[in-house]
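Student: Work from the hints to combine the two standalone chains into their complex.
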Amino acid sequence: MNKKRVTRLAEYFFTVWVIVTLNFLLPRAMPGDPFLYLSSDVGEEVIFSEEQRQYYLAYYGLDRPVGGQYLSYMSELLRGNLGHSLYYNEPVSHIILRRLAWTFFLVIAAVILSTFIGTVLGSISAWYREKWLDKFLFFNLIIMSEIPAFLLGLVLLFSFAAGLGLFPLSGAMTHFAGYENWWEKVLDILHHAFLPVIALTIARTGGMYLLSRNSVITVLEKDYLRTARAKGLSEKRVIFRHVLRNAMLPIVTRVFLSLGSLVGGAILVENVFAYPGLGHLMREAVMVRDYPLIQGIFLVVTICVLLANFIADFIYGKLDPRVNDYSETYGG
Amino acid sequence: MPRKHLLIILVLVISASLLLFGCGSDQTRDDQNAGVASEEQGQVDVIRLEGGDWGYPSPYAHYPRGPGGFKMALIFDGLLERGEKGLIPWLAEKYEIKDNGKQYLFTIRDGVKWHDGKPFTAEDVKFTFEYASKHPMVWSDIGSDDIEKVESVGDRQVLVTVSEPNASMLYNLGQTRIIPKHIWENVDHPKEFTGPEAVTGTGPYRLTDYNKEHGTYRFEAFGDFWGPVQKVKVIEFIPVSEPVLAFEKGEIDLTGVSPDVLPRFQNNPAYKVVQSPGFWGYRLLFNMGDYPVLRHKELRQAISYAIDAQELINKVERGAAVPGSAGILPPDHVMYNSNVKQYNLNLKKAKDLLARLGYDRLDEKGICQNKDGKKLSFTLSVPDRAVRMAEVLQEQLAKAGIEIKVQSADTKTHDARVRNNEYQLAVLGHGGWGNDPDYLRERFGGLFKGGISPSASGLQGYNNQELNDLLEKQCLEMDEQKRKQLIFKIQEILAEDVPEIPLYYTTGYSVYRPDKYDGWMFMFDHHSLTHSKLSYLERD
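Chain order of the listed sequences is A and B. One point on numbering: in full-length UniProt numbering, the residue at position 262 of the first sequence is 262, and numbering is uninterrupted. One point on numbering: in full-length UniProt numbering, the residue at position 535 of the second sequence is 535, and numbering is uninterrupted.
Bound-form chain B, shown alone (with noise of 0.2 angstroms):
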């Protein structure tokens, strides 16, 4: 009798368990696509890759990471597209920089559709940066006072008046996911706005089949797209358990691969192998305001010449990364300044310049201390992940003379430490090094917004007046080249300053089969193949 009752149970429980995701995972399935191979040059029917749930792919729902962006990103168009070189004429055929950076003209491509076949219109762009103004995207270009005004300038042309000349607005305006304005309009409540509807855009990329809790998408070429040919045809992202293992059994067509297993792709024909350039890096920040010892530059410079960057990288990263540019911006950034000065490990100018500061003298643990018996003694805030730099940046400034205490928690909380002023040292990893060189001013000039600036309240402690006005100089000039010098300018002043330590920038390794699918391409400040849109349209 009691065994019955357990029995009915247990059975009870496993067919209402097989109910629910018998309903929860019911798909709405396209017709598959027949396996046979296009004939056309590097055409390909389907594309699998490393899904994952990133959230439903509209510029409001999705999760704020990059592969939820990017998968949008298929879906959705911005008037400038991100190319190879620098930003490309996409939904606007051409732009104009008017007063001086205060307007700008775009002229709307004729014939686009949306993927409900209404046509594309300049009402759409307008009725899009007034939304997005009110409701802020998930990626948010544009802030909520950034524009002034946007007039449509009869059927083609949309005239934006900004609040204030910037000249990272183009990028921030042309970035702006463009939505329908006659889906959009009667919107409240964009984030919970999840229908099928909600992921029409112009872009060559529809939406067919997205399941949360398993983490599938799959896209299809929209037939009417008025760009480039679609080169893929399907793009499906599955759940993958060892991506590696996935791509070697053939489930996925690209992953990226750690340095330790790279040999087995290496000098083999049916692999390629592409190193991303390095746009996601970690910054050693010093507390400037707080522990006013760290206001001194020869103090900054002296840790500078004793950590030994590339044996960071061969420890923490196996050697897949690129040291630092004392400049900040990455090597691989379109305005690198390449003659800034560089701090490579030389002990003795780090104890030369201790010594002038006054630590001139040892304890019996090694460590520098001044006359007064003042030591350089310093509690370094890391996230759990960068444990192990941590202990090899240890080592490194203990040859200095100057002790490091770690003190690591989980990201949340680091960051929630970092924005509090709540640390002397600390090592912050995150990507957005590729980005318009303005992210400098927000890191280092007067004026912040939070963000990447290292805390709420500012960079405090230091201030220098050349490069506040250089910072503030050039993102008003419109000039390309113009601006470039005052970069290079800034970069220079920066790397004589060290107000903080760029460690190094990562640079992982990709691999795929060129048999299959040879089109991948980096965007000019973007480090993955798969994020770019461009990289499954056809190029010339």
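If we strip away everything but chain A, and leave its shape as in the complex, we get (with noise of 0.2 angstroms):
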């Protein structure tokens, strides 16, 4: 038991070695420098003389070998220091903690609104499988999963936003406006993130439903549940107890393992409201090359990944004893 512990542990240390590595290599291995400015956007006016780059380069340290390099953000690292941003000049950590509360927020909300409606609809559905109120739910919510979430969303900016101004613009709250109090700061933010939490739920309510369709109609089909009913028990009960803490293992799978590519969908709905998380921020640092901050994103990111997964793994194995007895009757 505590071996395997350890091992798991270790398992999880070597997994961010590499991913922490590769973060370092990637972004140096793409052409270009954060100070090579030949090119500028449109409308833009960007020189930078050679000797300003050189100047920047040395100052950053980026003129010494990469080994070097490597060997001092390691040991940076391991003092919980990300380092300075090389265009938006501030700590990386600062950075980061300050944008990811806002994709976190959008996210969780999402998550929490489509696994409910999802599941709700896919129980429904498996329910009353080949009836018409299936049929009518499958079609039009395959056909919802299949829009991608900024194209949503810029429908629903448009529409209820632009169109009927029941909602802001963009951004996550309201500027220069001086709250009365503090539940009138709380409302203000959840009017901001109304349709980009919506954009973000519709599209992802489709794979939940289909998840957990398929999940409640394969529990539907076991023997237990023909035993349970010929007990007697209430239709509720039967669905509640039986059926749906049987399709539950998937879906909350599904749910920490999908995090990730949540994300994903999350910086482009960020983009189209002009939210203030990590969406615009990732993109923006690819480009202009700032080292320190992609690291810094994408280790932050890669320990929310595994973060999951080990929320996934734990939960899973409370959700389902066979997993524990399994390991520790033969694991380990």
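Calculated directly from the structure, the hints in this document are not laboratory data. Keep in mind it's a predicted model, so treat the numbers as computed, not measured. We put the beta carbon where it would ideally sit given N, CA and C, even for glycine. Incorrect hints may appear among the rest.
[As the list claims (entries may be wrong)] A few chain B positions that, by computed beta-carbon distances, are all more than 10 angstroms from chain A: (1) Q175; (2) V322; (3) D363; (4) D410; (5) L476.
[To be verified] Computed list of lysine-lysine pairs in DSS-like fashion (alpha-carbon distance at most 30 angstroms, straight line): (6) B:K297 - B:K341; (7) A:K185 - B:K233; (8) B:K399 - B:K365; (9) B:K249 - A:K185; (10) B:K405 - B:K375; (11) B:K405 - B:K374.
[Stated by the list, open to error] Computed Cβ-Cβ distance ranges for the label pairs, DEER-style: (12) A:T174 - B:E148: 52 to 60 angstroms; (13) A:L22 - B:N370: 47 to 55 angstroms; (14) B:S377 - A:I147: 37 to 45 angstroms; (15) B:K94 - A:T174: 41 to 49 angstroms; (16) A:N181 - B:K272: 40 to 48 angstroms; (17) B:K94 - A:A29: 48 to 56 angstroms.
Tutor: Set out below in structure tokens:
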């Protein structure tokens, strides 16, 4: 048991190390450097003289051999220092922390909503399998799940924000407004988050729906359900106690494993609504070759995904006693 | 039991993230201005513009992009500023160029105050030049060895001795943002210096709020400003998703518009549409160093004749651009020579020129070749946003029998290719075409400092002694009119030699509501209304 945990931990550390190293090498393998500006954005004027470029490369130690840079990066990282952003001119950890909160907020709200709605609709569909309601839900949700979140975001933006004026056009809160109290601020933030969250939720609900429908159908065909019914248990008890409980397993796994991809979807939606999350930041960091920031963002995303995996492992074990029994009996 | 766990974890994460941005977005705000319109003519309380994070607006911390630099320039003044027609006296009341451009004597304005109330002195100017030589500012107008020495003469005069006379030096010295000695003298790492005192300037506006992750800025008129009255009391930059929507909804007061949505605003007295001068352009570069065939002037001229710039503009920019001038300087430039040779589309001339080089027969695909079977086929490198343009060029040159293979990459990769001479033909798009014409020397002359010359090693495979001499001469000529003559001659030579082809200069459109505010103006060498500090101030 203990030995197994140690191996498991070592595995996680090894994964992190490999990824950290890749994060370090990949940005540097891209052509161009952070201070090379020959082109500029349309309408923009950027002129860095060669002298200035050399100055900054030396200033940030980027003129040293890659091996030396790697060692100092690793030793700084072990001390918890993610470095200083070359473009944004601020410690990387500050930048990421402040933006990550907004992205998490969107993503988690969307996960909860889409999981809830998807599971409910999926169960209903499975229950009325092959009836018209099932067919209706199936058809519509399949179509909805195929629309990319950012496109949905644009449609929502143009109809509800621009057309009807029900929601703000952009941003995460009203600026320079001055709130009367904290409650007003929270409402304002929710008001701004509504459309992005809905876009992400709609885009995800289809997948959750399909999965839970499938999962519930599989469970419905199991023998123990016939037993449960035969015992004379109420329908409600059968559904919630026996069906859903057993159908939950793949759904829970899916929720956590898909967190990574959801962050990807959030990035595009954030760009549509000019929402201050990681989205715009990640794109910009790669465009301007901001090595420390690219490293930092990838590292944080990596850790989040690993953490999600870890939680999924943990919860799976709790939900399905067989997993732990198995490993305790045969594993290790 | 397990579901309870899940719930607890979720609640924890949500509250953690709420907490985090609760802290992150605490705003230091000044009192909100009442929305009452000012009685005075043409004045306005608040102007809102498209925001986005462009960095902390100190001369060292803003991002190296226009919107960052110009926000900084609202706070920090130069000795000279860019007016509508040229440089105008600003912190320097007057200046004198001495010793054939070796020395500059600036007389600084009296009674100027820093935002913290301390008086501005000649010492601050001296300090700034010395400090900026040691630590280059983001907008680095002066290099580490440009200035030989700086002396203050009395309280109100500063004498700058430059290492080498150069006609563009006045602009560079004048544009350098003056920073207060009493704040910066103990700062060793100016890039990391981002406290509130780092944005103490002498300029017309003070920064009262900045939020990095939301991309918001708030500037308020500085009460003790020495100069023209601020017609805009407060400038707010707010995040915007769709600028045109935001403008129509009245969230922002000015926006750039693409030609597609232009009809919505034209012929409507509520709006005013302005076309920007073309100071942002695309160049077609020839790698003459590594590909000797490109050293033939006739080939480069033939390519010029084969390109239909107007078609490029119509197809790629929807008409919002002006064709490139073969003399490089754009038509809106103060020293533009309109009488240089121009290459309008002429396929016959193109083919004649190619025949003269021996490329007088076509292969089965219609590509020109000479008697040894050598074909005119080139790879054209473009940044990925210019792929559409590359395709049009490909079609156009095919008609003259020149084959083009397009190779696209993201901007930084493309830049690296150009810099390392890893291309045959390349398209490069950037701004700064309205700048001091000394950039012609950096592009085509013998001396290179990088930056705007196509590559670190300079322009190889092209050498015109007459041009080199003129380029050296113009930068030593301190007389504006005489210098203009030299620049005119230089444009003629460039137009004949075609060391590169300027394809076109973009001229975007801006729209605003004149009822709200009508004080917008362009600086003589720049394309953006909102970037001009004078746009917000009283003018005669």
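Student: Look at each hint and say if it fits the structure.
Tutor: Cross-check of the supplied hints:
Distance check on Q175 of chain B: its Cβ is at least 12 angstroms (rounded) from any Cβ of chain A, clearing the 10 angstroms threshold; non-interface status holds. No beta-carbon of chain A is positioned within 10 angstroms of the beta-carbon of V322 of chain B; the least distance is around 15 angstroms. With 10 angstroms as the threshold on Cβ separation, the claim that D363 of chain B sits away from chain A holds: the shortest Cβ distance comes to roughly 34 angstroms. D410 of chain B, annotated as away from the interface, has a beta carbon of chain A within 10 angstroms; the closest lies near 7 angstroms.
Every beta carbon of chain A lies more than 10 angstroms from that of L476 of chain B, the smallest distance being close to 20 angstroms; the non-interface claim holds. Pair hint K297 of chain B plus K341 of chain B holds up; C-alpha atoms about 14 angstroms apart against a cutoff of 30 angstroms. Of the supplied pair hints, the one linking K185 of chain A and K233 of chain B holds, its CA atoms being roughly 27 angstroms apart against a limit of 30 angstroms. For the suggested pair K399 of chain B and K365 of chain B, the alpha carbons sit about 11 angstroms apart, so the restraint of at most 30 angstroms is met.
Among the hinted pairs, K249 of chain B with K185 of chain A is consistent with the structure: their alpha-carbon atoms are about 23 angstroms apart, no more than 30 angstroms. The straight-line distance between the Cα atoms of K405 of chain B and K375 of chain B is roughly 13 angstroms, inside the 30 angstroms bound, and the hint therefore holds. A hinted pair counts as satisfied when its Cα atoms are at most 30 angstroms apart, and K405 of chain B with K374 of chain B qualifies at roughly 16 angstroms. Distance hint check: the CB atoms of T174 of chain A and E148 of chain B are about 53 angstroms apart, consistent with the given range 52 to 60 angstroms.
Restraint check, L22 of chain A to N370 of chain B: a C-beta distance of roughly 50 angstroms satisfies the suggested window 47 to 55 angstroms. In this structure, S377 of chain B and I147 of chain A meet the distance hint of 37 to 45 angstroms, their C-beta atoms being roughly 43 angstroms apart. Checked against the hint of 41 to 49 angstroms, the pair K94 of chain B and T174 of chain A passes, with Cβ atoms roughly 47 angstroms apart. At about 41 angstroms, the beta-carbon gap between N181 of chain A and K272 of chain B stays in the expected band of 40 to 48 angstroms.
Separation of K94 of chain B from A29 of chain A is about 54 angstroms and conforms to the stated range, judged on CB atoms against 48 to 56 angstroms.
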